[in-house]
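Spelled out from the first residue to the last, the chains are:
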Amino acid sequence: MTPGRGGADHRSVALAVREVGLARVLLAVGAWLFVVCVLIQIFLVGLDIFAKVDASFHRDFAYTFGWLAPALVLLSRTRGVSRRTQSLALVLLLLFAIQTVLPSLRQYLPVFGGLHTVNALAVFGVGATLARRATAEIRENPAPAP
Amino acid sequence: MSGERRAFAVLAWVFLGGVILQVFLAGLGAFKVTDWTTHAGFGWLLGSVPLFVLLPVSLVAGLSTRTRWLTLALVVAAAIQPELARARTDSPVIAALHPVNAMLVFWLAWLVARASLRDPSRPATTAPVTSRTQPAPPSDSTP
Chain E
1 MTPGRGGADH RSVALAVREV GLARVLLAVG AWLFVVCVLI QIFLVGLDIF AKVDASFHRD
61 FAYTFGWLAP ALVLLSRTRG VSRRTQSLAL VLLLLFAIQT VLPSLRQYLP VFGGLHTVNA
121 LAVFGVGATL ARRATAEIRE NPAPAP
Chain S
147 MSGERRAFAV LAWVFLGGVI LQVFLAGLGA FKVTDWTTHA GFGWLLGSVP LFVLLPVSLV
207 AGLSTRTRWL TLALVVAAAI QPELARARTD SPVIAALHPV NAMLVFWLAW LVARASLRDP
267 SRPATTAPVT SRTQPAPPSD STP
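Protein sequences, first through last, are from chains E and S. All letters in the first sequence, in the order written, are residues 1 to 146 by this note's numbering. All letters in the second sequence, in the order written, are residues 147 to 289 by this note's numbering.
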């Protein structure tokens, strides 16, 4: 790629981001990043169970990417984002908060340990749905009404 | 909705419920509430459902091509799942993909279950040809 062409590409990307709105682009990118982090997090559980890797990696990584959940809620409160997508971001934050508490609750009721993995399915499912919806809304309605 | 379509929808949703139950059993195993035998035993039963039940029914239920491909993908993902767990002695890192693939199985099961209700009915293959070549008789000719 020539430097001139690259410059044109950067300008077109910048123009597209301005048209769509930076917050909406960040919402879609952030939601996909969240889904990838959830999959890495689940892989770390697998390493803990099958390869006897320290479980602290799994625990610490949750706090590393966990800030994305409240950030997605804030990003969803922008013009052009549908009410349903905003609700999904809020549900994701709620599920993620529950997820961090469930392991410590198992000392009161062991069944909460099992619910930690089931809730992980919900976190993954809602995260993936949010990412798909945020991307689809940008495609369908690139320039939201003022 | 035909009987086959209804059967497929019921089976797809029951399978999704089974996947959630299986993940719950994995959680109980991981937190040492129960041992892994329940999860492993139920896994063998559940893993055979897409291949021996869902796929054959999907072929006769008149589903869309997309839903049949999704069912086939579910068969493959479910078939890989126990093999990943079995790799734990030789290659634990590959075995660590067992829970990641579980997410894929869950996602595909969800898509198949949803599609089983939303899939448009496939039109009979002869109907459009007949209507194009032989226009419907005028209403006054019908008895």
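Be careful, since some hints might not be right.
Said to hold, decoys possible - These stretches of chain E come out as covered by chain S in the derived footprint (C-beta under 8 Å, 3 or more residues):
no., region
1, 49 to 60
2, 107 to 117
Stated by the list, open to error - Over 12 Å on every C-beta distance to chain E, these chain S residues come out as not near it, computed from the model:
no., residue
3, R152
4, G173
5, W190
6, S194
7, V199
8, S210
9, L230
10, W253
Hints were generated in silico from the structure; no laboratory data involved. For each residue, glycine too, the CB sits at the ideal point set by N, CA and C.
Status of each hint after checking the structure:
1. 49 to 60: holds (count 4)
2. 107 to 117: Holds, because 7 residues of the region 107 to 117 of chain E bring their Cβ atoms closer than 8 Å to Cβ atoms of chain S.
3. R152: 25 Å, holds
4. G173: 3 Å, violated
5. W190: 18 Å, holds
6. S194: 21 Å, holds
7. V199: 22 Å, holds
8. S210: 19 Å, holds
9. L230: Violated: least Cβ distance 9 Å, not greater than 12 Å.
10. W253: 7 Å, violated
Figure legend: structure checked against the earlier numbered hints; hints not met, in rising order: 4, 9, 10.
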